[in-house]
Each structure stands twice: as C-alpha cells, then as structure tokens.
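Residue numbers (my numbering), protein chains in the order written: chain A, 1 to 233; chain B, 234 to 466.
These are computed hints drawn from the structure, not numbers from a lab. Among these hints, one or two may not hold up.
Below, computed lysine to any residue pairings styled on SDA-like, alpha-carbon distance capped at 20 Å [stated by the list, open to error]:
{"#": "1", "chain 1": "B", "residue 1": "Lys320", "chain 2": "A", "residue 2": "Tyr75"}
{"#": "2", "chain 1": "B", "residue 1": "Lys400", "chain 2": "A", "residue 2": "Tyr75"}
{"#": "3", "chain 1": "A", "residue 1": "Lys222", "chain 2": "A", "residue 2": "Ala11"}
Just some of the chain A residues that point at chain B, by a computed CB distance under 8 Å [unchecked claim]:
{"#": "4", "residue": "Asp89"}
{"#": "5", "residue": "Ala90"}
{"#": "6", "residue": "Ala91"}
{"#": "7", "residue": "Ser103"}
In this text, a Cβ means the ideal position worked out from N, Cα and C, and glycines have one as well.
There are 2 protein chains.
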Amino acid sequence: MAIKMYDLAAADESVRFSPYCWRVKMALAHKGLQAEQLAWRFSEKDRLAFAEHGQVPVLCDGDTTVVDSWQIMQYLDERYPDKPIFKPDAASAQFFKSWVERSILFLVFQCIVADIHDSLTETDQTYFRETREARLGATLEDVQAKREQHRKALNAALEPVRTTVAKQTFIAGDQPTATDYLLFACFQFARCASSFQLLPAESAVFDWRERMLDLHDGYARKAKGFDISAISL
Amino acid sequence: MAIKMYDLAAADESVRFSPYCWRVKMALAHKGLQAEQLAWRFSEKDRLAFAEHGQVPVLCDGDTTVVDSWQIMQYLDERYPDKPIFKPDAASAQFFKSWVERSILFLVFQCIVADIHDSLTETDQTYFRETREARLGATLEDVQAKREQHRKALNAALEPVRTTVAKQTFIAGDQPTATDYLLFACFQFARCASSFQLLPAESAVFDWRERMLDLHDGYARKAKGFDISAISL
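Okay, chain A solo, but in the shape it has when bound (with noise of 0.2 Å):
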C-alpha cells in the first residue's frame, strides 16, 4: 500500500516548507521511498484526528500511523532498512537533533517569521500571528525587522558545522545521514517560504547546502519555493 503524509502547504498549495516535514521528505528521498504528500493546512487540526496528534509530519503506511518527524525517520530506518539515514552517526544523532531544534531552528524562524505569514492562508494566517506572537512575545513584523541579528547570531551558532563540512563532505562524513537532513530542513523551510538569503555565498555551510539541494536528482531544489515562485511570475 502506498505510503501517505500530511504536509503543512502554504495558501499556494504547492508550497511546502514546514522543516519538519522536510526531514521526512529528505528520509523518504533518501530511500528513494514514493509517498503521496497530502496538503494540510494549520486549521485542519480535524484531519489528524485519527492520529490522536495535531500536527504534521503524519505518516500513514497502510495500516500504520506515525506521528513526530523524529518518531518518522527512526520508523523509515526499521521498516526499510536498505540506505540507512541513521548510520554511521547513529549515537551522535540524538544530540545533534537536539542541537539543531536549540541552537539554530529558532534563528531561522526569527528571520522569515513575518514572511511565513504571508505565505499562509487567510485562516492559517490568524492562526499563525495568534499562536507565535504570544511564544514570541512582539509581532511577528517587529520580530523579521532584528533579521540582521537573527542573521549574524545564526551564522556564528553554524561555526561548528562550518569547520566540519569545510574537512569533510557531508556532516558525517562522505555521505548524508540524518544529521544532515535534520539541519538541511531549517534551510529548505527558509528557502521554500522566503527570499531571505541565511547564508553568505562562498562559504562552506553555503556550499553544504548545495551540496544538500543537488541530492536525490536535485530532489530539495525543485522544491516550489519563493524563489521559484518569483522567476515564473
């Protein structure tokens, strides 16, 4: 039976950035595992229902349900064990995700925030402003205008991955893993619901990322992203 995921779409349905999601997208590419990615919105808590879970990434293989993006990859690992994401960097996966959701997430949400929000449904946008504002305490519009900050303290909390990828391909090594696809998602998340650039060019997270986006026959690159959706305009 084919497999099925919940993936949160901005008011453009093709647009697709939650970086949540985007691990799993990367674990299923990975595989190169086909799954059917349904659109979910912010306000269809309703749809999840039968996953006793609110929030996307769902994954549904025939008669299984997994929730969490973490939950997700470590299930993709067991069920299709050919082409790992967890190895060799099993051990140190744990802590890298935790890295990854501390350290860097947040920064990357603080520079498109207000960009996120327009990308949205009217719905979902109400949702969106409601919920974040109370955890981010300011507007989200105030928030974006400190991108510049957000911008130079993200770039200074990425210095230990820019002196691993400047020795060594990929962040585990010669080939990805799942460290590279949990920090690949935050970028991919910017890439799809902003223009903002995260990165100086000619750096070596920068080329990483290229690296990243070229994988799985540019699988991440023909993404619809804000970008794109600029060009063909």
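Once you have looked at the hints, place chain B on chain A.
What follows is chain B alone, placed relative to chain A:
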C-alpha cells in the same frame, strides 16, 4: 617503551587542569594505558622544542611523538585499537569537537579565568595574564566578575546535552566515547582549577558528569583539584 605525556601543571605540581590534556588522559584511562604524566608549565616552551610545538598535550610513545589533543586521540585509536573511543560515533565526533570548542569551552574559561591565574606559578601568572588579557580585551578579574552571566549562558548552551543525557547514559549511547571525553574535559578543567560550581545539582548534565567522574575507577574524581585541596587543608 612507556608512554609519556607533557601535562600542564599549576604552581602545585599535582594540580593538572588543562582541558586539552584531560581529553587525552581520559582516552588513555578508557584504554587502560599507563602513561607517565610529565609536569609542564607555560614558561617551558623550550622543553617542547623537540616536538616543534609550543603547547601541551604532547605524547611520546616510544619513538613516536604526537602533538595536538585531537590528533593524539585519533593516534591512540589507531595504535591501540582495543576499546575504541571513536565508536560508534566516529563520524559525528568532528562536529561535536567543534561545538565544544566554539560553544562551551570559552564560557567555562570565562567563569574561572582569574582562579586559573591564581593557581599558576608566578612566572606562568605573568605569561597567562598577558596573553589572555590581550585575547579577552579585559582584565581576568573583570571577566570572572561576570561569571554568573557566563554560567547562565553555559547552561543554556548545554541544553542539547541535557536532552540527550536525560534519554541515554552517555552522549552517544550506553558507553562513553570521544564525545563524552571532549565535553567532560571542560568540566574537569573547571573542577581542578576552581571551586566555582558550573552546574545545578540534580540536573541531567550534573548526573552525567557524576557518571563521568566515576568512570575508570574514579580516575577523574581522584585528580587533585580545588575542592580536594581545600578539604585536605
């Protein structure tokens, strides 16, 4: 032939706090290798001339000389493959090393920098103050006076470790590996040079550090440090 290692010493020759030396000492203990620890002081660059290197640790294993803590750790795993320290997380250790050096060690250093100074011989105090104040752009005392602020930043930066060791015994799983030693060396550094408490008791990172202190028959716990010398007065 016996292994020898040049190890940074305080004015009290039995106090050895260098975080880079502690990486190697923990790696040696992990492998059950005996090494003669030669006391070395900042002002004794001449004694390392044979290695064409001005810093410790320097390891001499028979006719082989290895400098730089990271290279020594890798050398030990190649030369003594039993009980590897880089498995199962060899691939991600490079990232973790950079993270520790960029995000953790400097915060620890700032918390205890005047205490380190006070522990040194008079000649080394002069050298340490000159070189470190030039780097810091402030007096050692002014930096340490803000230690509450540095400690707060340190504990925030440790969040990805907290979530990891709340779930598993060591950073890369059930067994201690290079990642644990890289981080632990920062704490052992502080423990040997200062009485300042970096971590809140009854926290997951505190408990992990206790487990590290217990390893290899309490090897690190037995090291002479500020607390221990205070007790023996």
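For each hint, the structure was consulted:
Restraint check: the Cα-Cα separation between Lys320/B and Tyr75/A comes to about 23 Å, which exceeds 20 Å; the hinted pair is violated. As the CA atoms of Lys400/B and Tyr75/A are separated by approximately 18 Å, the hinted pair is consistent with the 20 Å bound. Taking the CA atoms of Lys222/A and Ala11/A, the gap is about 19 Å. The hint holds against a cut of 20 Å. Evaluation of the Asp89/A hint against chain B yields a held restraint, the C-beta minimum of about 4 Å falling below 8 Å.
Hint status for Ala90/A relative to chain B: holds, with the closest Cβ pair at about 7 Å, below 8 Å. Hint status for Ala91/A: holds, given a least beta-carbon distance of 4 Å to chain B, under 8 Å. The interface hint given for Ser103/A is met, as the beta carbon of that residue sits about 7 Å from the closest beta carbon of chain B, less than 8 Å.
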